[in-house]
Amino acid sequence: MKVAVTARGGDLQAEVDPRFGRAPYILIVDTETMEYETIDNSVNVNAFKGAGIQAATMVAEKGARVLLTGYCGPNAFRTIQAAGVKVVNDVTGTVREALETLKSGKVAYSTGPNAEGHW
Amino acid sequence: MLITIASGKGGTGKTTVATNLALSLGRGARLLDCDVEEPNCHLFLHPEITERREVTAFIPVIREELCTGCKKCAEICRFRALTVVAGKVLVFPELCHSCGGCLEVCPEQAIGQGRRVLGVLESGHCGELGFSQGRLRVGEAMAPPLIRQVRAQNNGAETVIIDAPPGTSCPVIAAMRGSDFVLLVTEPTPFGLHDLRLAVEAVRLLGIPCGLVINRADMGDEGVREYAREMSLPLIMEIPYDRKIAEAYSRGIPIVEAMPEWAERFRGLYRDILVHAGTSGRQQ
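Same order as they appear, the protein sequences are chains V and G. Our numbering puts the first sequence at residues 167 to 285. Our numbering puts the second sequence at residues -5 to 278.
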């Protein structure tokens, strides 16, 4: 299964970035093989508006089934939900740790956004 | 003659100048309150509102039965008001700037015309003075289209006075673009000066002649006056830091009502504006 994780760096040792739309990197990891693709999200980091929508669209297009992040705003959540991707919010630690926690099943999927939209 | 009253800094006295200038001119003049996020001229004018209508803007509505999920609409939208996931278009109306680009590029005519309410346009009069104002809907972020609607209510008046929002962003530009003259109201403080510089830059980019009113003129420092000299900015009026003015203001009473001798001073301000706008010959 492919999982998207927001990250401060480009590999599995990087810390999870709490921001979704404006995280510098988003890693798309295959949880069976732990092979990953690093997406440079710098275009969205400086986006005027709609960073969350854009990032959510991209995560869906990459075929991820789960998103691990810190905070997910209303527009991002609506997009990711429409794409059928499940979200785990309030994730901390490294990308690898976050994935281990997911694999152990000790996660709760979000039922709504956990951050305010902003302008 | 279209005069916009603007300022960089908020709370310098735009509304005081706009309402008193308009009241002093009276018949043949019209005041347009374009500070649609918090219109307050009405607090001093108590106008009789005779017309009220909603102002709306285009938003896309997807006809799902025609949509093929080709993404052309999402690709052209620079505000990301549209995205395509799982073959379906999602619309985020609050991000839409109503450009209609999605309508143009959709090859399937799958985009219908929806409307979103931007606010309310109200028109009426205060004695012989004509009056219009816009009120932006709470939660709405896009003021310029509503401001343009307020500006369209000049009703052929000889003199139109616009009370602009503070700052130098899009709503301010929408309020002052195409004016014959911009009157900048400031206070003689470092804060007033800082924001005045930004306002002067914006007005000069638009190529509109401008002049200065210093409000609460006997406080602060000389910085604003020095800057005005340096920039050859005509200082047309000074309003003192006067308890009587402040008291009238706090009760919602225009200066020209509390102190009728000010009406002639504001008519003098108008004559000076005509001179500085270079239209005195045409107007008189």
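If you're looking for bench data, these hints aren't it; they were derived computationally from the structure. Since the model is a prediction, treat every value here as computed from it, not as a measurement. Just to be clear, a hint being listed does not mean it is correct.
Restraint ranges, calculated between C-beta atoms of paired labels, are given here [said to hold, decoys possible]: (1) G:D266 to V:P184: 33 to 41 angstroms; (2) V:M200 to G:Q107: 19 to 27 angstroms; (3) V:T199 to G:P101: 39 to 47 angstroms; (4) V:T199 to G:E69: 30 to 38 angstroms; (5) G:E195 to V:M200: 52 to 60 angstroms.
Each computed PhoX-like pair below joins lysine-lysine, with the alpha-carbon atoms no more than 25 angstroms apart [to be verified]: (6) G:K65 to V:K215; (7) V:K168 to G:K238; (8) V:K269 to G:K65; (9) G:K238 to V:K215; (10) V:K252 to V:K272; (11) G:K82 to G:K65; (12) V:K215 to V:K269; (13) V:K272 to V:K215; (14) V:K269 to V:K228; (15) V:K252 to V:K228; (16) G:K238 to V:K252; (17) V:K228 to G:K238; (18) G:K65 to V:K168; (19) V:K252 to V:K269; (20) G:K82 to G:K66; (21) G:K238 to V:K269; (22) V:K215 to G:K82; (23) V:K168 to V:K252; (24) V:K269 to G:K66; (25) V:K269 to V:K168; (26) V:K228 to V:K215; (27) V:K272 to V:K168.
Short derived list, chain G residues pointing at chain V, Cβ under 8 angstroms [claimed, not checked]: (28) R57; (29) T77; (30) F86.
Glycine is no exception: its CB is placed at the ideal position from the N, C-alpha and C atoms.
Which numbered hints are broken by the structure, listed smallest first? 1, 2, 7, 8, 9, 12, 13, 16, 17, 21, 24, 28
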